[in-house]
Structure formats: structure tokens, C-alpha cells
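Visitor: What follows is the residue order along each chain.
Number of protein chains: 2
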Amino acid sequence: MTSEIITIGDELLIGQVINTNASWMAKALNESGVDVRQITSVSDTGDEITRALREAEERADLILITGGLGPTNDDITKDVLCKYFHTELVNDNKVLNNIQGFFQRKGLALTELNRKQALVPKGSTVIDNPLGTAPGLAFHKNGKLFVAMPGVPYEMKHIMQSFVLPWLQNNYPGSIIIHKTIMTQGIGESFLAAKIAPWVDGLPREIKLAYLPSPGIVRLRLSIKGKDRDIMKRLLDREVEKLMKYIPEYFWGFDDEKLEAVLGKMFKKTGKSICTAESCTGGYVAHRITGVPGSSSYFKGSVIAYDNHVKENLLKVPPDLIEKYGAVSREVVEKMAEEACKLLDSDYAISISGIAGPDGGSAEKPVGTVWIAIAGPDVLESKKFLFGDERDRNIVRAGNAALGFLRSVLIQKEGAG
Amino acid sequence: MTSEIITIGDELLIGQVINTNASWMAKALNESGVDVRQITSVSDTGDEITRALREAEERADLILITGGLGPTNDDITKDVLCKYFHTELVNDNKVLNNIQGFFQRKGLALTELNRKQALVPKGSTVIDNPLGTAPGLAFHKNGKLFVAMPGVPYEMKHIMQSFVLPWLQNNYPGSIIIHKTIMTQGIGESFLAAKIAPWVDGLPREIKLAYLPSPGIVRLRLSIKGKDRDIMKRLLDREVEKLMKYIPEYFWGFDDEKLEAVLGKMFKKTGKSICTAESCTGGYVAHRITGVPGSSSYFKGSVIAYDNHVKENLLKVPPDLIEKYGAVSREVVEKMAEEACKLLDSDYAISISGIAGPDGGSAEKPVGTVWIAIAGPDVLESKKFLFGDERDRNIVRAGNAALGFLRSVLIQKEGAG
Numbered sequence: 001m002t003s004e005i006i007t008i009g010d011e012l013l014i015g016q017v018i019n020t021n022a023s024w025m026a027k028a029l030n031e032s033g034v035d036v037r038q039i040t041s042v043s044d045t046g047d048e049i050t051r052a053l054r055e056a057e058e059r060a061d062l063i064l065i066t067g068g069l070g071p072t073n074d075d076i077t078k079d080v081l082c083k084y085f086h087t088e089l090v091n092d093n094k095v096l097n098n099i100q101g102f103f104q105r106k107g108l109a110l111t112e113l114n115r116k117q118a119l120v121p122k123g124s125t126v127i128d129n130p131l132g133t134a135p136g137l138a139f140h141k142n143g144k145l146f147v148a149m150p151g152v153p154y155e156m157k158h159i160m161q162s163f164v165l166p167w168l169q170n171n172y173p174g175s176i177i178i179h180k181t182i183m184t185q186g187i188g189e190s191f192l193a194a195k196i197a198p199w200v201d202g203l204p205r206e207i208k209l210a211y212l213p214s215p216g217i218v219r220l221r222l223s224i225k226g227k228d229r230d231i232m233k234r235l236l237d238r239e240v241e242k243l244m245k246y247i248p249e250y251f252w253g254f255d256d257e258k259l260e261a262v263l264g265k266m267f268k269k270t271g272k273s274i275c276t277a278e279s280c281t282g283g284y285v286a287h288r289i290t291g292v293p294g295s296s297s298y299f300k301g302s303v304i305a306y307d308n309h310v311k312e313n314l315l316k317v318p319p320d321l322i323e324k325y326g327a328v329s330r331e332v333v334e335k336m337a338e339e340a341c342k343l344l345d346s347d348y349a350i351s352i353s354g355i356a357g358p359d360g361g362s363a364e365k366p367v368g369t370v371w372i373a374i375a376g377p378d379v380l381e382s383k384k385f386l387f388g389d390e391r392d393r394n395i396v397r398a399g400n401a402a403l404g405f406l407r408s409v410l411i412q413k414e415g416a417g
Numbered sequence: 418m419t420s421e422i423i424t425i426g427d428e429l430l431i432g433q434v435i436n437t438n439a440s441w442m443a444k445a446l447n448e449s450g451v452d453v454r455q456i457t458s459v460s461d462t463g464d465e466i467t468r469a470l471r472e473a474e475e476r477a478d479l480i481l482i483t484g485g486l487g488p489t490n491d492d493i494t495k496d497v498l499c500k501y502f503h504t505e506l507v508n509d510n511k512v513l514n515n516i517q518g519f520f521q522r523k524g525l526a527l528t529e530l531n532r533k534q535a536l537v538p539k540g541s542t543v544i545d546n547p548l549g550t551a552p553g554l555a556f557h558k559n560g561k562l563f564v565a566m567p568g569v570p571y572e573m574k575h576i577m578q579s580f581v582l583p584w585l586q587n588n589y590p591g592s593i594i595i596h597k598t599i600m601t602q603g604i605g606e607s608f609l610a611a612k613i614a615p616w617v618d619g620l621p622r623e624i625k626l627a628y629l630p631s632p633g634i635v636r637l638r639l640s641i642k643g644k645d646r647d648i649m650k651r652l653l654d655r656e657v658e659k660l661m662k663y664i665p666e667y668f669w670g671f672d673d674e675k676l677e678a679v680l681g682k683m684f685k686k687t688g689k690s691i692c693t694a695e696s697c698t699g700g701y702v703a704h705r706i707t708g709v710p711g712s713s714s715y716f717k718g719s720v721i722a723y724d725n726h727v728k729e730n731l732l733k734v735p736p737d738l739i740e741k742y743g744a745v746s747r748e749v750v751e752k753m754a755e756e757a758c759k760l761l762d763s764d765y766a767i768s769i770s771g772i773a774g775p776d777g778g779s780a781e782k783p784v785g786t787v788w789i790a791i792a793g794p795d796v797l798e799s800k801k802f803l804f805g806d807e808r809d810r811n812i813v814r815a816g817n818a819a820l821g822f823l824r825s826v827l828i829q830k831e832g833a834g
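First to last, the sequence lines map onto chains A and B. Residue numbering for the first sequence follows the working numbering, starting at 1 and increasing by one per position. Residue numbering for the second sequence follows the working numbering, starting at 418 and increasing by one per position.
Excised from the complex, chain A in its bound form (with noise of 0.2 Å):
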């Protein structure tokens, strides 16, 4: 089972967005035990569309195509797709019920460019897109596939669930791929390599090993391949577990599950609650607290004290403590994140002051240094970090250090983990 992947847009080729629906078809794909043999981005022009398609059609079994299904100009998918499997664009009335129901619930009226999108080519399998107007398309031709999906990331994430990956499921059981990922915290990837070394000398040859950084979070994906899941699972299992032991302090979780939620089950196991009080991540950890659904049970809230009055004013930072310490400094967080715990009525806070760049830094405190503080029932602990110069990935990874911080003092004082 070969497929190849067609990303349609000028977009793509005057470079103005970065292809990432390929790659997360790609590894979907890949994921099914289907390889991709070739990844093509073209223009919206009929020609190229057109060429693209016979070209992948002499190679791939599945095709699949994203880009170019919207209702404006230059979204041309469907008229090309028409010509190339002769046939003729028809109205569906359920598309259109769909259509019509999306405008309806949101309260607007239909436009006539979003009633075109209700023309579906005669003869094609049309695929129900709940998360936006123009349905995705699939035509068998000869024993092969072709799939086209809007271009629009989690429209097409949904047509692949519901549709592709099913399909591919049923009809190709053959061989298959098992992924594990290990999620760490708080170590790079060169010392992550190193501490792990004697274990990866050990690895069975089946099982590949791949480092993915990220700021502040390096995973590690194990992958086998072969025809026993239950095998190769346990097989997978048991390397994981010796993996374990080498790096326990900072493995936090598997399959790019995130910190947060995380964390968000270890207070829900607790029935403790967690606040924020956040100097240069500017609301970024509570963010990443409250993306988890039902967060509202555990998280009360936060302070964003940006300015140093708003850390006097509310969070009771004594000024002379401000000015004597400076406001990155070990005694204003750990006075931040006491007082955040009683001003929102938390038995968690976390607290963080840092210098985020690019300016404010100097030679004692450079841009990238950042003080943090957790305070809860009979603890209050803080650690001094030194990131880089970059002020987005500095934000980051604060406030991955933070909920990792946050993390091991739960796991020592609730037993949680």
C-alpha cells in the first residue's frame, strides 16, 4: 500500500504557510503502516492540479489531496477534480442541510458562494465536514483511492479521522506500526542522550529510536513495525519500562499528552486547587492550565502582575523587598506565590518572575533569567533558571519549567503521580 500526498495553494509555493498538513497526514499515514511515497505542493492552477494527479495516479494506490474546496476564486479542487474523473458538478441537498444549519447556528444569513459549496462532482463519495462548509470528496478509480480535504487544518484532521484512516483500517489490516512517545521535562537533549546511552545500546534492532525536541520538552519516539500487535506491545512495554529507570525525575508522560493535563489529573485525584501568579509569562501558564477541558474544577484563577505595583498593590510585595532583592529575585516569588494562594483561595499557587528580553536584562540578572516559586500546605520551594535570549521561547519554556516544578512538588507532598 503506497499513497502520496497533494498539497494544493500558492500559499505553499510563494512560502507564505509553512505545509503542516502534510506532515500530519504524513504521519497519520504512516502510523496506518501505509508508506507515503512522495509529497507534492502545486499551485491552484488546473494544469498543474491536473498533472500532479496523473503523476501520483501512476505511483500511489491512495491519494490524498488537500486545498483548494472553498467557495472563493480561487479554490478551483472541485472543477479540476471534475474534468479529471469526467463527470459534472451536482447539487447535494445534504450538504446544503449541512451548510445551511452551520450558517443558522451562527446566526447569519446564506450567501449564494456558500450555496455553491452544496455542488459535489456526480458520482463521488461525499464525506460529512461538521467543522466547516465545503465536504470532503473521494473517487475509486481503477482499485485506487483519491480523497481531496479543505485545506483547513482541523477540517482536514476530521475528514482523515472519520473517514481515511477508518477506511484504511478496513481495508489494508496488513502490517502496522506502534509508536510509544515518552514525554521528559527539564533536561536537554544532548545530557537526555547521555544518561540514556547504556540503554540504547541494548535496544532490539526492531525498535527505532527518535529524539523530538521541543522548548523545554524533549520526547522520545519508539517505533516498531511488523504484523503482532500484541507482540510487538509488549515487546514496546518492556523497553519502555528499562528506559524508565534511567530517567525518572524527568519523565512526566506518554504519546505527546500534555504537562497540563497532566497535572489537571493529579488535582482532580486530589481535589486541590492551583492558582498563578505570573511576572513574565504575562498569563501564559494559566492559559496552558485552563486549554485543559474541566479545568474550571481545580483552577481559581490568577494575577497577572506585570507591573510592580500590581505585584505591591495586590500580591503584597513588600516595595522594600522589590527594591532591595529586585523584582526577579527568590524573596519576591516566594512572597508572590504565599500571598497569590491566599488572594484566590488556592492550596497550590505558582509563582514566576523573570527577565523575558529583549531588553531589561544586565550583567548580574541577564535576559532569560527566571525565578520560580510553588506554595501549598506546608511548602513553599524556588528554583533560579537561566534560559536564552529569545523572548517567545523563553515564555515557553518558563512556563513548561514551571508546570514540571509544580509537578514534582505534588508528586512529593500529595502522593500524587
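It cannot be assumed that every hint is accurate.
To be verified - Pairs of lysine-lysine residues, derived as BS3-like cross-links and limited to a Cα-Cα distance of at most 27 Å, are as follows:
(1) K733(B) to K759(B)
(2) K733(B) to K342(A)
(3) K242(A) to K180(A)
(4) K208(A) to K495(B)
(5) K27(A) to K444(B)
(6) K242(A) to K265(A)
(7) K208(A) to K533(B)
(8) K741(B) to K106(A)
(9) K612(B) to K116(A)
(10) K733(B) to K800(B)
(11) K225(A) to K144(A)
Claimed, not checked - Beyond 10 Å from chain B on every Cβ pair, some chain A residues (computed):
(12) L119
(13) V240
(14) K265
Bear in mind the hints are in silico, worked out from the structure with no lab data behind them. Yeah, the Cβ is synthetic: ideal placement off N, Cα and C, and Gly gets one too.
Starting from the structure of chain A, add chain B where the hints point.
Guide: Showing chain B alone in chain A's frame:
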């Protein structure tokens, strides 16, 4: 002048790595007036690379290749290029010196594997790579140019900037492309299209229009291709000016500027300050505002009032107001905004309360219902929005709506724009 990009590497086809190289190169070529006809990703396999080269050669004058030039076994691009151009590998002393210097500076010994990197295809133009060990390689064939570069992004960029782009400027000083992106907020793609339809109808044929939607923001990209930058710029500016008249209330900036950065300039200009009082967005708006370097000069801080008690205790929202109208109501957000101004000693405040989902919706107030208020000197305005079902998108859309709302109030009250 037509070009193609071939990116080589299994990591692209299994979706492990997002192809940022391709978009960077496409953008650079495009800005030099060179069309990119196709972007192709293939695996580290001799047959696949050869086929991609052959097909690209048929269509394009300039073929840029990245990846597979490293020292390890999976790097086969150099061997494939030798076969393709009927030549052989020979040692290049200049490259060997560079490699030796590279390792010496790092205090590392040279391995046999690294020494292999000094082998280059006979007859190729060797392009210096001071940032790594694999040089770039250029091949001329029937008036066409092939350039192979390492896949490491900063090494690729260096070779593009030191060799490919200067070569284009010297050999094809002719045609140029200018883009202008118009940023809008507060109107969906299809409604925007309907609104500007008369303008689209009158658009000169040389100008191409594309719609680029993301949650809460739609970008309109105008592109023009030609020889005379001044004439093109004038034509583009004239059309942008006409377009503005159709969408004054939705337009807020140009060329992928960020909405929060536009607001930052307004605050710096007026000397006014801002704070937020957030419920359902959980700090996301504060995070957006503080993502802008220098935001500490106008951003005071926030109260994230997730728990109703925080709304009552810190933001002085009377409990009976919440009981009577609900936490998601005009009355509550207006009170939150007014009190935030006082509490955080700020000229303006954004307040937000809504139901992000997946839980918490009702028939009267379904998931996606969001109230936003803006308070300021002599101003208190509020609006109700109805977004969709997805938590993440609701948070982003509420954030963009709040920032867009604030912008319109600032224009109206401060004459900033």
C-alpha cells in the same frame, strides 16, 4: 524563470519533521521574482531522488535540492548526483581544510566519516559552507542550474544567501513579485468575499487575490508580478486604497503584522495603559499582549477570574448580579472591566466571560457564547459573540475578537489608528 524545490529525507515522508526549509526557500525565490512551480519531498532512495530530479528538470530552469548530504549511511544524495550527471567523487582539499578547521575549533578529532565529506562530484561547483561540514554543490546542464544544499536549516539558508540569491540577481535581474497582505478581523471568509465582490470584479488582471483564513482572522493577499517595482507598487497601493473603503471596520493591519502589536503601537502613541479581566480565555489575551516586546510600558496586569469567588472578591462583582444574569452576561463583564481598571490602575480594560466548552453550555447559552466588554475613560461597551464547539478555537477566536473590539474603541476614543 521557473524553479522547483526537491526536499529529500525519510523524516519528511513519515511526518516527523515539518518542511520549513521548503517554505523558506519558496519565499526567498518568490521575493527574487522566481516562480516556484512545484515542491517535491521524496525519501532517501536512489530511484526516488533520480526520478524527482528528472521530472523537475523537464519543468524548471532552477532546481534546488536539500538533504542527504551528511556523513551517515542514510545520506546518499551525493552518490545519486554523481550518477545523474555522469561523474565521480573526487577529493577536494579546500573542503577538507574547512572540515579540519571546523572540528579543530570545537576541539574534536576528525573521524573517517567526516573525511568522506571532502569528496565532491568532479566538475561540480563547490559552494563553501562555513557553518557545517557538507559543502553546497552546483551543477550546470543545458542552461539549467541544480544546487544541492545540506538539510540543516541554517546551513541551507547560508548557501541560499551566499550563492543562490546573488546568482539569481546577476543572471535574472528581470521580473519581480510584490505581495501585500491585508489583515481583517471580525468577518468570515465568505461574508468578506461578498462584501468586496464589486472591488474584486474591477481588480486588474495582473493582480491576484487569495483568502487566507485562520480562527477569527482572515488575511487577503494581493500579488503582482512585473518588471517595474515603482509602477507595480503604485498599482497595488491604488487597489489597496479602494479595498479599504469596503472594509474599514474589519481592516486592522498589513503584511502579517500581529493584532496585539498594532495595539501596542496605539498604546505607546497615546500613553494609555491596558489590563485584562479574563474568565473563559484564562489568560490567553494577557499572554497575547505580553508576547509583544516592550509591552511592559503599557500593560499593567490581569486578574484571571476563573472561579466566581474571584470575580466577587477581587473584581467586586456582586454575587446577586451573577445569580440574576449568570457569569456569562453583559452585566457581569461590564462590572469586571470597570473594576479591573480601578484594581490594576489602568486606563483601559478588556473583560471576557464565556463558555469555552466542552461542558457548561445550555439551550439559552450554548458552548461558544462569549461576552466581551471594554472599559476606559468615559467608555463602557460590551458585545456578545457566538463562536463554535471547540474549546481551543473558542479561546483563540474570543482573544481575536477582544483585541479587535479594543482596537475599534481606541480609534473611536483616542483617535489612534
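Visitor: Which of the listed hints are not met by the structure?
Guide: none
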